[in-house]
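Student: Next come the chains, spelled out residue by residue.
Number of protein chains: 2
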Amino acid sequence: MSVTDELLANNAAYVAGFSGPLPLPPAKGVAVVACMDARLDVYRVLGLREGEAHVIRNAGGVVTEDGIRSLAISQRLLGTREVVLIHHTDCGMLTFTDDGFKRSIQDEVGVKPAWAAEAFADLDEDVRQSVARIRNSPFVPVKDSIRGFVFDVATGELNEVV
Amino acid sequence: MSVTDELLANNAAYVAGFSGPLPLPPAKGVAVVACMDARLDVYRVLGLREGEAHVIRNAGGVVTEDGIRSLAISQRLLGTREVVLIHHTDCGMLTFTDDGFKRSIQDEVGVKPAWAAEAFADLDEDVRQSVARIRNSPFVPVKDSIRGFVFDVATGELNEVV
Numbered sequence: 001m002s003v004t005d006e007l008l009a010n011n012a013a014y015v016a017g018f019s020g021p022l023p024l025p026p027a028k029g030v031a032v033v034a035c036m037d038a039r040l041d042v043y044r045v046l047g048l049r050e051g052e053a054h055v056i057r058n059a060g061g062v063v064t065e066d067g068i069r070s071l072a073i074s075q076r077l078l079g080t081r082e083v084v085l086i087h088h089t090d091c092g093m094l095t096f097t098d099d100g101f102k103r104s105i106q107d108e109v110g111v112k113p114a115w116a117a118e119a120f121a122d123l124d125e126d127v128r129q130s131v132a133r134i135r136n137s138p139f140v141p142v143k144d145s146i147r148g149f150v151f152d153v154a155t156g157e158l159n160e161v162v
Numbered sequence: 001m002s003v004t005d006e007l008l009a010n011n012a013a014y015v016a017g018f019s020g021p022l023p024l025p026p027a028k029g030v031a032v033v034a035c036m037d038a039r040l041d042v043y044r045v046l047g048l049r050e051g052e053a054h055v056i057r058n059a060g061g062v063v064t065e066d067g068i069r070s071l072a073i074s075q076r077l078l079g080t081r082e083v084v085l086i087h088h089t090d091c092g093m094l095t096f097t098d099d100g101f102k103r104s105i106q107d108e109v110g111v112k113p114a115w116a117a118e119a120f121a122d123l124d125e126d127v128r129q130s131v132a133r134i135r136n137s138p139f140v141p142v143k144d145s146i147r148g149f150v151f152d153v154a155t156g157e158l159n160e161v162v
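Order-wise, the sequence lines are chains A and B. 1 is the number of the first residue of the first sequence in this note's numbering; add one for each residue after it. 1 is the number of the first residue of the second sequence in this note's numbering; add one for each residue after it.
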């Protein structure tokens, strides 16, 4: 049995306790942008329940073009008004460089990615960079509350950067 | 008090019950790609615990360039080997078109996004499209288990598409 099959079996238990449909727009009007890291269970870390906040995640929790796309849809079509950014300690993005990662791919498969890998060397600086990218975008209209945090994987705590 | 402040207060309760650091690589070797929709609590839907799976999310759960970047890092640097894609019923991406969305932005702020909004008209077709984008990428090496589902927001159930 694959892990995916095991997760599907878990879904049956979720269905058994499911309490019916909720509205489409996030009830708390918040969009969270966080790293894909497995240890970061965003709903639990923030005490969110189903239906309350959009959750956007990728490698690093970096604000990319796709992040701007998602935030534009979140704010313009579904009414969110606050943004919470979450990076975290012990992040994989601190362990490599864009040049090295792309070189290894080029050496192995013969094609160099045309995209940035978005590795970074300083967590706080990258949180500030992600905030700056949102502030600089004409496509994300509501910029009153954009706050950035580092999640500590040793304590579960969110520490505010900006 | 902003909603963000309220979520930070929730974090204090999470910290109080936190049980210490877990390893960086996902224990179950799985990466999930899902929509940012607030009703889709990926950990609960799949019965995942902290540390078990990467979770990548954006508007639609569409595989974009940023999704390929995240999956490349997930597989090449952190050893995941299965991919689970999740779209869902009642998705916001079914309610608009790229042309209309980008026109409204251009009319309002004077700049037309150079990116695709990735709206879609058919859930199953877009799940298959996202799978096809992964299969077509030279940057995601492990393609043995790429399975796509639609989450039913009325029942909590995952229905397999491909």
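Derived by calculation from the structure, the hints in this document are not laboratory data. Each residue gets a CB set at the ideal place from its N, CA and C atoms; glycine is no exception. Treat the hints loosely; a few may be bogus.
Unchecked claim - Each computed BS3-like pair below joins lysine-lysine, with the alpha-carbon atoms no more than 27 angstroms apart: (1) A:Lys112 to B:Lys143; (2) B:Lys143 to B:Lys28; (3) A:Lys143 to B:Lys28.
Said to hold, decoys possible - Listed next, with one range per pair, are the computed distances between beta-carbon atoms: (4) A:Val15 to B:Thr95: 18 to 28 angstroms; (5) A:Arg49 to B:Pro138: 20 to 30 angstroms; (6) A:Asp122 to B:Thr97: 35 to 45 angstroms; (7) B:Thr95 to A:Asp124: 16 to 26 angstroms; (8) B:Met1 to A:Thr97: 11 to 21 angstroms; (9) B:Glu160 to A:Asn159: 36 to 46 angstroms; (10) B:Thr155 to A:Ala116: 38 to 48 angstroms.
Student: Just pull the numbers of the violated hints for me, sorted ascending.
Tutor: 3, 5, 7 and 8
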